[in-house]
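Enquirer: Let chain E serve as the given structure and place chain C on it in line with the hints.
Number of protein chains: 2
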Amino acid sequence: MKLTKLKSYFPIFDWGQSYNKHAFSNDMIAAVIVTIMLIPQSLAYALLAGLPAEMGLYASIAPIILYAIFGTSRALAVGPVAVVSLMTAAAIGNIAEVGTMGYAVAAITLAGLSGVILLLMGVFKLGFLANFLSHPVIAGFITASGVLIAASQLKHILGIDAHGHTLLELLSSLFTHLPETNYKTLALGVSATLFLFWVRKGLKPALLKLGLSTRIANILTKIGPIAAIVTTTLIVWGYDFAAQGVRIVGDVPQALPPLTLPSFSPELLSTLLIPALLISVIGFVESISVAQTLAAKKRQRIEPNQELIGLGAANIGASLTGGFPVTGGFSRSVVNFDAGAETPAAGAFTAIGLAIAAVSLTPLIYFLPKATLAATIIVAVLSLVDFGILKKTWVYSKTDFVAVATTILLTLIFGVEIGVSVGVVLSIALFLYKTSRPHIAEVGLVPDSQHFRNIHRHKVITDPQLLTIRIDESLYFANARFLEDYIYDRVVGDCHIKHLVLMCSAVNEIDMSALESLEAINTRLHDLGIKLHLSEVKGPVTDKLKHAHFWQELTGEIFLSQYDAYKKLAPDEAIKNFNHFI
Amino acid sequence: MKLTKLKSYFPIFDWGQSYNKHAFSNDMIAAVIVTIMLIPQSLAYALLAGLPAEMGLYASIAPIILYAIFGTSRALAVGPVAVVSLMTAAAIGNIAEVGTMGYAVAAITLAGLSGVILLLMGVFKLGFLANFLSHPVIAGFITASGVLIAASQLKHILGIDAHGHTLLELLSSLFTHLPETNYKTLALGVSATLFLFWVRKGLKPALLKLGLSTRIANILTKIGPIAAIVTTTLIVWGYDFAAQGVRIVGDVPQALPPLTLPSFSPELLSTLLIPALLISVIGFVESISVAQTLAAKKRQRIEPNQELIGLGAANIGASLTGGFPVTGGFSRSVVNFDAGAETPAAGAFTAIGLAIAAVSLTPLIYFLPKATLAATIIVAVLSLVDFGILKKTWVYSKTDFVAVATTILLTLIFGVEIGVSVGVVLSIALFLYKTSRPHIAEVGLVPDSQHFRNIHRHKVITDPQLLTIRIDESLYFANARFLEDYIYDRVVGDCHIKHLVLMCSAVNEIDMSALESLEAINTRLHDLGIKLHLSEVKGPVTDKLKHAHFWQELTGEIFLSQYDAYKKLAPDEAIKNFNHFI
Chain E
33 MKLTKLKSYF PIFDWGQSYN KHAFSNDMIA AVIVTIMLIP QSLAYALLAG LPAEMGLYAS
93 IAPIILYAIF GTSRALAVGP VAVVSLMTAA AIGNIAEVGT MGYAVAAITL AGLSGVILLL
153 MGVFKLGFLA NFLSHPVIAG FITASGVLIA ASQLKHILGI DAHGHTLLEL LSSLFTHLPE
213 TNYKTLALGV SATLFLFWVR KGLKPALLKL GLSTRIANIL TKIGPIAAIV TTTLIVWGYD
273 FAAQGVRIVG DVPQALPPLT LPSFSPELLS TLLIPALLIS VIGFVESISV AQTLAAKKRQ
333 RIEPNQELIG LGAANIGASL TGGFPVTGGF SRSVVNFDAG AETPAAGAFT AIGLAIAAVS
393 LTPLIYFLPK ATLAATIIVA VLSLVDFGIL KKTWVYSKTD FVAVATTILL TLIFGVEIGV
453 SVGVVLSIAL FLYKTSRPHI AEVGLVPDSQ HFRNIHRHKV ITDPQLLTIR IDESLYFANA
513 RFLEDYIYDR VVGDCHIKHL VLMCSAVNEI DMSALESLEA INTRLHDLGI KLHLSEVKGP
573 VTDKLKHAHF WQELTGEIFL SQYDAYKKLA PDEAIKNFNH FI
Chain C
33 MKLTKLKSYF PIFDWGQSYN KHAFSNDMIA AVIVTIMLIP QSLAYALLAG LPAEMGLYAS
93 IAPIILYAIF GTSRALAVGP VAVVSLMTAA AIGNIAEVGT MGYAVAAITL AGLSGVILLL
153 MGVFKLGFLA NFLSHPVIAG FITASGVLIA ASQLKHILGI DAHGHTLLEL LSSLFTHLPE
213 TNYKTLALGV SATLFLFWVR KGLKPALLKL GLSTRIANIL TKIGPIAAIV TTTLIVWGYD
273 FAAQGVRIVG DVPQALPPLT LPSFSPELLS TLLIPALLIS VIGFVESISV AQTLAAKKRQ
333 RIEPNQELIG LGAANIGASL TGGFPVTGGF SRSVVNFDAG AETPAAGAFT AIGLAIAAVS
393 LTPLIYFLPK ATLAATIIVA VLSLVDFGIL KKTWVYSKTD FVAVATTILL TLIFGVEIGV
453 SVGVVLSIAL FLYKTSRPHI AEVGLVPDSQ HFRNIHRHKV ITDPQLLTIR IDESLYFANA
513 RFLEDYIYDR VVGDCHIKHL VLMCSAVNEI DMSALESLEA INTRLHDLGI KLHLSEVKGP
573 VTDKLKHAHF WQELTGEIFL SQYDAYKKLA PDEAIKNFNH FI
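Same order as they appear, the protein sequences are chains E and C. Residues are numbered in this note's numbering as their position in the first sequence, beginning at 1, plus a constant of 32. Residues are numbered in this note's numbering as their position in the second sequence, beginning at 1, plus a constant of 32.
A portion of the hints provided could be inaccurate.
You can't tell identical chains apart in this list, so a pair holds if it fits in one copy or across any two.
Stated by the list, open to error - Capping the alpha-carbon separation at 30 Å, the derived lysine-lysine pairs in BS3-like fashion look like this: (1) 491 x 599; (2) 530 x 600; (3) 491 x 530; (4) 330 x 236; (5) 329 x 236; (6) 576 x 423; (7) 563 x 330; (8) 329 x 563; (9) 157 x 430; (10) 530 x 330; (11) 578 x 563; (12) 530 x 576; (13) 157 x 466.
Quick caveat, the hints were computed from the structure, so don't treat them as lab data. The structure presented is a predicted model; accordingly, all values stated were derived computationally and were not measured.
Just chain E, same shape as in the assembly:
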């Protein structure tokens, strides 16, 4: 019993018990591949966040190990990712100057704060909050972020200075500095970009043609970028491009991750609180989507609240070892999965690999041009950009379209924080607005059945004395008055009506405000000589209504099914109408 509890908090005890040689060798192979892929990616995302390259490596070591202990996904690889790195840059860009000590401290603090938020959300089981980010808002946000990230990297491809956190700022800054373009950098950057696009699209088919197995071809494709890194580094070294203005990564300390502490300045913490919250939620959503996609393939289960704890621990780890905010990344996790990782131990081995890289390989990247890292980022993020979501939502649901379009526009114009916040609030507001003006159908009996449908859509039988209204929404404060107005408008002037049945098959809740409206409707209809009945009231709603006076005061009856109501209240076949649907 106790062990089960322990396992639920430390999933490591779950898979650790059955760990064997076979799993070990699979995990080792996966780790080597992922390590090779992670080195350039980690450096690149540090660059994107405006931080020294080595912080990208540091952010990939401790977090991976901590996630392996606390996380529930067996394939998720935790570390710096594109969107979170962009959000980090946006959050701390206004607090400190890029390249200063204050900037790095702010990044470390942001990771710590975000870790605490994630941990608390996990402990208090608030994982469900992430459900309030609708798919279209996330898709729109990721697309717009991809565009922003690509735009932010153009300066490295051109070899110029430019800055900004919105598309307009970035483009105008790029345009101003365009005359300073360094053509050697541009040549390197463009070649690297084109090569990387080819690796992504053309390498795999080419390798398969050469007779390699799909798995090997997949892995070579994923680590292909290393070729670009090596080649461009050699060119810069061989032709002494650094002296000709090509910017390079330069000195990277040859050391294990340092022990660091986040700042506890109340001022800094309060400034970072909202960005940290957004980074936590966005990071969690990204991570859990990846984890669930991969888990579904192997029929494993992901526990969202435990994931929050795993990611929280990873971020706190990042802030204590010179890193910056991290989450479960899509591309690295897929590589890990494709490379055959069986348990989170693969992650731990990757961490060891990266630690070895941090102490021994950093001199090798001295001459690595920043343009190559920028090319890596651009190629990676452009795969995230999908404006197709605009067309898809336009066709299916205008409400979702408005949410996506607003999120994309605001993210591009005002930056990531405003974009995603307004997107979330707007999608909730649109939902509330819809529920405040529910669809209401007048229904009649479908011939030769006991089924009732909208008189305007189906051929149905009705009775002039019996008006049946189906309200297609839970009744609550936002639509209580709407229902009242609708009913008064409908019955005024129709002197045939003797019975009004509210068909409640779609009413999942009647709150206090709606109950008061129903009482008012009951009284007012009584004054007009009309009896109010209810039909098909659900169990949970009935349970509540029984506690209310309304139950006794109702002038009519409560019928189990609409057909029962119809049989009782409209028995006279002679006067029935047969409606033809329009």
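Expert: Leaving out everything else, chain C in the frame of chain E:
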């Protein structure tokens, strides 16, 4: 055609055309009664707002006339009301010192800003926003405000200084100054309070016993407070109580309302924006509830968006004539109605009466003790206090109870602005939370019918191969994942299931996120050898689904009724189970 348009913007042209001598005399009588009642009330609410007494009169003159032109209610009396006066005091109390010029200017500005907000809400037809204040939140807020108002007036009854905008501040301030109590003031205040309570409860039965008609008794009861005003004023004058520390109204300028301008200081406007918004919404909700209650009695209609324009004009009027925020008040409107007012002209006559009072009667109230005005306020607001709402919601709905209890507590502890804001946000959040975890029922066929109900509540027929799930909520982003998890958990390990029917009678909307979840469910069930079907999909939902790939990719069918699905998918009578409800 044009006249109709004109009438809808200026309802005065509607009733103005048919105005006659009979209506005129009724309106005049009502105006005289209301004027008498409004004088002490207006002075008292100015006191409550921390403003000079004459501003209460000014706030009752121009607003009444403007509402008569633009408003749609024929009985609503616009002017200062208790809750809005309290909110005014809370809003400007932190900006300026009571009694200073800055304080009055802030009040005038608040009225102007609130007027502009109301006007804009009316023009953009945003009246529906008021529906998002649930009845329990309003009831809780009014109750807590009543307590706060009564507590804020105790200092006048005791004749001491005290201040604060929360219950704790008020009580501790009262306690500190308690030794300074002026016993003459206390005697006057307590007597006035007891007398006014008696007028409210005991006067009408006494008058009826004397043989007066109900109408006359009602009117005398409403203007009874005048007796307290006159008597206490005479006592203070006759015994020279003012020299013995009894605080009096003192000098009130003998003049028509002055022309004033609100401040256009951006700093002041931005500080007042949120309070003005809250005052506008609360004032609108109070006003429209009163207007609709009275209109229902005479079968007249209230147009919420035109009401916003009427109240907006009234508040702008208040800010241009030395007033403070106003709205349609309950007690004054009821008097107006009971006194037989037929058209808004009654309001205009009341305004004339108050203007006469402002230029000629103000010297008479020089000796009016503030304690009497405080007694008027206390007796008026204690009728608003109804803690019964706590019990009522506790019995009916725990969610509503949480919303009411939180609103009451926060209003008392942190003041009106936080109380009502958190109440509104909380009630919306609770609604969203409920919809994010919908009730899901497994259903079976009710014997001898075509009706399907919850297997745990009813005796129903089921088939092991056919699982029918009724989701009692619209499917949208907040519950899309919940549905996925529920279905996977339910089908895993139940190898009998061949068909899963989602009964959509309560599904009023399937948004893009939920559509993607349904696609995932469809694919996943297909892998498990289970077909997914839908039944009783509503017209508007069907219309949208037809545009989606899901419609083609669905492994099963879409049935008009659940009974059709049952007939087709569970034809074999031999294997059916008969469930006994628990």
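Enquirer: So, against the hints stated earlier in the document, which numbers end up violated here?
Expert: none
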